[in-house]
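Student: What follows is each chain in one-letter form.
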Amino acid sequence: MSKSPTAPPMASPMASPRSFVWSRRVFLTLLTGFVLVPVYVMVSSSLKPLADVTGRFRWLPSGLTVRPYIDIWSTVPLAKYFVNSLVVAGAATVCSVVIAVFAAYAVSRYAFHGKRVFTVTVLSTQMFPGILFLLPLFLLYVNIGNATGIALFGSRGGLILTYLTFSLPFSIWMLIGYFDSVPRDLDEAALVDGCGPLGALFRVVVPAAIPGIVAVAVYAFMTAWGEVLFASVMTNDTTRTLAVGLQGYSTQNDVYWNQIMAASLVVSVPVVAGFLLLQRYLVAGLTAGAVK
Amino acid sequence: MTTTAHEQAGTTAAPRGPAGGAAATRNPRRGPRPGRLRRAGLPYLLLLPALILELLVHLVPMVIGAVMSFKELTQFYIRDWGSAPWSGLGNYRVSVDFHAPVGEALLHSFLVTVGFTLLSVGLCWLIGTAAAVFMQDTFRGRGLLRALFLVPYALPVYAAVITWVFMFQHDNGLVNHVLHDQLHLTDKRSFWLIGDNSFYALLTVSVWKGWPFAFLIVMAGLQNIPRELYEAAALDGAGMWQQIRRITLPSLRPVNQVLVLVLFLWTFNDFNTPYVLFGRAAPEAADLISVHIYQASFVTWNFGTGSAMSVLLLLFLLLVTGVYLALTSRGRRTGDV
Numbered sequence: 001m002s003k004s005p006t007a008p009p010m011a012s013p014m015a016s017p018r019s020f021v022w023s024r025r026v027f028l029t030l031l032t033g034f035v036l037v038p039v040y041v042m043v044s045s046s047l048k049p050l051a052d053v054t055g056r057f058r059w060l061p062s063g064l065t066v067r068p069y070i071d072i073w074s075t076v077p078l079a080k081y082f083v084n085s086l087v088v089a090g091a092a093t094v095c096s097v098v099i100a101v102f103a104a105y106a107v108s109r110y111a112f113h114g115k116r117v118f119t120v121t122v123l124s125t126q127m128f129p130g131i132l133f134l135l136p137l138f139l140l141y142v143n144i145g146n147a148t149g150i151a152l153f154g155s156r157g158g159l160i161l162t163y164l165t166f167s168l169p170f171s172i173w174m175l176i177g178y179f180d181s182v183p184r185d186l187d188e189a190a191l192v193d194g195c196g197p198l199g200a201l202f203r204v205v206v207p208a209a210i211p212g213i214v215a216v217a218v219y220a221f222m223t224a225w226g227e228v229l230f231a232s233v234m235t236n237d238t239t240r241t242l243a244v245g246l247q248g249y250s251t252q253n254d255v256y257w258n259q260i261m262a263a264s265l266v267v268s269v270p271v272v273a274g275f276l277l278l279q280r281y282l283v284a285g286l287t288a289g290a291v292k
Numbered sequence: 293m294t295t296t297a298h299e300q301a302g303t304t305a306a307p308r309g310p311a312g313g314a315a316a317t318r319n320p321r322r323g324p325r326p327g328r329l330r331r332a333g334l335p336y337l338l339l340l341p342a343l344i345l346e347l348l349v350h351l352v353p354m355v356i357g358a359v360m361s362f363k364e365l366t367q368f369y370i371r372d373w374g375s376a377p378w379s380g381l382g383n384y385r386v387s388v389d390f391h392a393p394v395g396e397a398l399l400h401s402f403l404v405t406v407g408f409t410l411l412s413v414g415l416c417w418l419i420g421t422a423a424a425v426f427m428q429d430t431f432r433g434r435g436l437l438r439a440l441f442l443v444p445y446a447l448p449v450y451a452a453v454i455t456w457v458f459m460f461q462h463d464n465g466l467v468n469h470v471l472h473d474q475l476h477l478t479d480k481r482s483f484w485l486i487g488d489n490s491f492y493a494l495l496t497v498s499v500w501k502g503w504p505f506a507f508l509i510v511m512a513g514l515q516n517i518p519r520e521l522y523e524a525a526a527l528d529g530a531g532m533w534q535q536i537r538r539i540t541l542p543s544l545r546p547v548n549q550v551l552v553l554v555l556f557l558w559t560f561n562d563f564n565t566p567y568v569l570f571g572r573a574a575p576e577a578a579d580l581i582s583v584h585i586y587q588a589s590f591v592t593w594n595f596g597t598g599s600a601m602s603v604l605l606l607l608f609l610l611l612v613t614g615v616y617l618a619l620t621s622r623g624r625r626t627g628d629v
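The listed protein sequences correspond, in order, to chains A and B.
Going by our numbering, the letters in the first sequence line up with residues 1 to 292, in that order.
Going by our numbering, the letters in the second sequence line up with residues 293 to 629, in that order.
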């Protein structure tokens, strides 16, 4: 890469005409409103007393309270779900990134039989409707458990295994593009210097591809953190993740919307903060990899 | 096999790309490398973990699912699904018999999904592209705005959708408050999560969640357009709008080809959004196919029919993807000439 991936290139050397500037203003203002309203509802409602969220909607709270943020932990075992989600998403991310790095390195640097078949197959798993393999996978996990004693169904392990394959195709695809953009002379040189292929991968290619790898990790974590379908079928009371656990607030007799909003905010903060901090890498990674 | 392995190792050393020429001339001088044979197996070893996992979690279950679709798999056989009687094409016949209730409901759900997907993908692409193009130049607050726009995408699906559920509430939701109480656009408060309005509710949430992805990809794609193109166009007297039409949009074609396909597949298969928005039973107007099949499998406990529907869905997606890629790739090639 010749230019720094994060430096925003000036698109046009010409000054923007008025019509363009005005269209931009109008469009971006409307869009900001569309994006922000739900965020505002989430934040403001989480600080409202219960009366404010059961009656007619109020733009401004009648009074601010942090009660919802205290109550969410006792209404449902949120802390437990939180830990489960952290463990599952964290482990799935680490495994997915490591496996994707190996696979992408092989595809990027070697010519071998079945390369095309491999990439096409892996990418095409992206288009499988989740519903298609939900039930068979469920049966498979149960049968593996019965045959070998490895509990996959209902365990965090099974969920980790499932989630890491969700992010794998995209991660491999993106890293192939990213590794391709790392000059081959670099790892050729490392090989000449006596590094093995793995040495070349970890000492040269991986460090040069850090933005891409960070981007892939962010994507993998978000995928695992937000998944609902498999979490709702494959977890039990002890392994339940936030995706399912959050529904607990609305099954109560009274719907505590202020608590639901507070809980939604709390579970969103880790991913949103992480994503916003690392989004530069994601854009840079996409620029160098996926969209090339 | 050994000879091909040697050939493979030989081609391996020759890099592709612009650096290829220089490296290729260097190569012969280096002489035969030790461990060439071992190296020929290395790519497979590196691919092995990914391959095993994809097989275990995606491909094997898919084959099992295909087998299940030919069985009469009701709740009585769940513990030992192998013993379920074969039903031949029975499940498929039930699924596509559009005069009977099951087939009719499936067809309806399919059509709803097609309409929903086309609208959602179109809007996501349009908003995402417009935002990315408008934000190509630097202006004050651009970084902040970009971060803000990515929030809907970064939010976990359930957190975002639950917020929308709250906003769409009949009595205490924001949407009715604004439309009815403040703007007086409606005679009475509307229901958004049941009845015909649910389609628009689902579309709104889907676009709100989905457009930042298009924005992200297009933004990345824009950075790969060489600046010289714009400079040359500006010298030729092309204005801002013309530059967008003549340079930006055509240069984005390869990016758009993948982006639209990915958006289409994700939206078509989306389960999370409707499931969190409506719960287990989606209203008829917003009965997306994944939830429909989920419902057909887990609520009626008829897994055979559910599997047959899933296989049909997969075949449809394969067909659409194949046709789409054939059409867009051909267009691209002739476009280059």
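Treat the hints with caution; some may be incorrect.
[What the hints assert, rightly or not] Residues of chain A placed beyond 12 angstroms of chain B at every Cβ, according to the derived structure:
(1) Arg67
(2) Trp73
(3) Thr75
(4) Lys80
(5) Val87
(6) Ala151
(7) Gly154
(8) Ser155
(9) Tyr163
(10) Thr239
(11) Asn258
(12) Leu286
[As the list claims (entries may be wrong)] Restricting the straight-line Cα-Cα distance to at most 25 angstroms, the calculated cross-link-like pairs of lysine to any residue (SDA-like) are:
(13) Lys480(B) <-> Thr54(A)
(14) Lys115(A) <-> Lys480(B)
(15) Lys115(A) <-> Tyr336(B)
(16) Lys480(B) <-> Ala151(A)
(17) Lys115(A) <-> Leu609(B)
(18) Lys115(A) <-> Gly571(B)
(19) Lys115(A) <-> Thr620(B)
(20) Lys80(A) <-> Leu609(B)
(21) Lys115(A) <-> His472(B)
(22) Lys115(A) <-> Tyr616(B)
(23) Lys80(A) <-> Gly571(B)
(24) Lys115(A) <-> Leu347(B)
(25) Lys115(A) <-> Val550(B)
(26) Lys115(A) <-> Ala618(B)
(27) Lys480(B) <-> Ser74(A)
(28) Lys115(A) <-> Leu343(B)
(29) Lys80(A) <-> Ala190(A)
(30) Lys115(A) <-> Val352(B)
Just so you know, the hints here were simulated from the structure itself, not pulled from any lab data.
All C-beta atoms in this analysis are idealised placements derived from N, C-alpha and C, irrespective of residue type, glycine included.
Student: Each hint should be assessed against the structure and marked as holding or not.
Tutor: These are the hints, each one checked on the structure:
1. Arg67: Given that every Cβ of chain B is farther than 12 angstroms from that of arginine 67(A), nearest at about 18 angstroms, it holds.
2. Trp73: holds (17 angstroms)
3. Thr75: holds (14 angstroms)
4. Lys80: holds (17 angstroms)
5. Val87: holds (16 angstroms)
6. Ala151: The claim stands: alanine 151(A) keeps its Cβ more than 12 angstroms from every Cβ of chain B (closest is about 15 angstroms).
7. Gly154: holds (16 angstroms)
8. Ser155: holds (15 angstroms)
9. Tyr163: Violated, because the least Cβ-Cβ distance between tyrosine 163(A) and chain B comes to about 9 angstroms, which does not exceed 12 angstroms.
10. Thr239: Label holds. Min Cβ-Cβ 17 angstroms, cutoff 12 angstroms.
11. Asn258: violated (10 angstroms)
12. Leu286: Given a closest Cβ separation of 4 angstroms, the condition is violated.
13. Lys480(B) <-> Thr54(A): holds (19 angstroms)
14. Lys115(A) <-> Lys480(B): violated (61 angstroms)
15. Lys115(A) <-> Tyr336(B): Answer holds: lysine 115(A) to tyrosine 336(B) is near 9 angstroms, not above 25 angstroms.
16. Lys480(B) <-> Ala151(A): Distance of about 53 angstroms is beyond 25 angstroms: violated.
17. Lys115(A) <-> Leu609(B): holds (24 angstroms)
18. Lys115(A) <-> Gly571(B): Violated. Lysine 115(A) to glycine 571(B) sits at ~42 angstroms, over the 25 angstroms cutoff.
19. Lys115(A) <-> Thr620(B): Distance of about 23 angstroms is within 25 angstroms: holds.
20. Lys80(A) <-> Leu609(B): violated (38 angstroms)
21. Lys115(A) <-> His472(B): violated (59 angstroms)
22. Lys115(A) <-> Tyr616(B): holds (23 angstroms)
23. Lys80(A) <-> Gly571(B): holds (23 angstroms)
24. Lys115(A) <-> Leu347(B): Measuring from Cα to Cα gives roughly 16 angstroms; hence the hint holds.
25. Lys115(A) <-> Val550(B): With a Cα-Cα distance of about 20 angstroms, the restraint between lysine 115(A) and valine 550(B) holds, given a limit of 25 angstroms.
26. Lys115(A) <-> Ala618(B): holds (21 angstroms)
27. Lys480(B) <-> Ser74(A): Violated, at about 38 angstroms.
28. Lys115(A) <-> Leu343(B): It holds: about 12 angstroms lies between the C-alpha atoms, which stays within 25 angstroms.
29. Lys80(A) <-> Ala190(A): Roughly 47 angstroms separates the two Cα atoms, so the pair is violated.
30. Lys115(A) <-> Val352(B): With a Cα-Cα distance of about 20 angstroms, the restraint between lysine 115(A) and valine 352(B) holds, given a limit of 25 angstroms.
Comparing the model with each numbered hint stated earlier shows that hints 9, 11, 12, 14, 16, 18, 20, 21, 27 and 29 do not hold.
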